[in-house]
Amino acid sequence: MVLNKLQKDSFLILEVIGDLDASSCLVLDTAIAFAMEQNEKAIVIDCTKMHYISSAGLGVFVSYLSDFEANGVYFALLNVNDNVKNILSVLGLEKLVNIIEQLPSR
Amino acid sequence: MNNSLADKNSIYGFNSPCSKENLKNIREFIKNILVLKNITDPEQNQIIVAVDEICTNSIVHGNKENTNKCIDIYCKYLKEELVIEIIDKGLAYNISNYKEPSIQQLINEKQKGSMGLMLVKRMMDNIEFLRVGDKNICRMVKKVHYST
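Heads up: the sequence lines are chains G and D, in that order.
With the first letter of the first sequence counted as 1, position 81 gets the number 126 in this note's numbering; the numbers rise by one all the way through.
With the first letter of the second sequence counted as 1, position 128 gets the number 217 in this note's numbering; the numbers rise by one all the way through.
Source of the hints: derived by calculation from the structure; they are not laboratory data.
Fair warning: there could be bad hints in the mix.
SDA-like, lysine to any residue: derived pairs with alpha carbons at most 25 Å apart [claimed, not checked]:
#1 K199(D) x V135(G)
#2 K201(D) x D54(G)
#3 K94(G) x Q133(D)
#4 K140(G) x Y119(G)
#5 K120(D) x T93(G)
#6 K201(D) x G63(G)
#7 K232(D) x Y119(G)
#8 K188(D) x S111(G)
#9 K199(D) x D54(G)
#10 K94(G) x E174(D)
#11 K210(D) x E139(G)
#12 K120(D) x E174(D)
#13 K201(D) x S150(G)
As the structure is a computational prediction, the values presented were derived from the model and not from experiment.
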């Protein structure tokens, strides 16, 4: 898995390329932790090139959701494929996480 | 994958060291078996995720990522079902101790884990953990549909 960091307007975009599983999730976890330390207010995970996610990857998002809310951080998953959407919905996470197809205007 | 595996009575097997870096190879093995039988999505992805989750637990918790240890994975098609067994010799897992948390509870507690077995139980039709001699066997069954 490769993680690219991009800044676009007020958004920090973390682009996941490849599979987000137990062997790679720590990279994303560290990037989100750093973003929170830097007081980023809008974090978007670009899933366009993320082919696969396991519970280890989902766990990274879930573990920060309360911090995002407490700190007023906008968080979203961008361009999620059908398989990832299905996994999110099996756990009911699609109702708790913003899933977007393009960046909102801010 | 050689042609003999195309026989519907075949048992497909894979052996992997207990390393998280091998999860991708395990997923590739399962995907090949599913593609071979034209299993439809999202069943295909759900089965891959379920195997990944059980193997991750086995590698991380059961075998402490000891790469000198191995896990074996066997798959067999039985009519409309796919039966998968994941076998290791690590610490046994007692599913009777498992209490499914709510997603809200995991969010409130900032938990990164505990969702793997939740996913497996919701996506597979049956899962059981057996201890046979010095082996742990996780057996999962999923009804499958073949695309034409």
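Which of the listed hints are not met by the structure? 2, 7, 9, 10, 13
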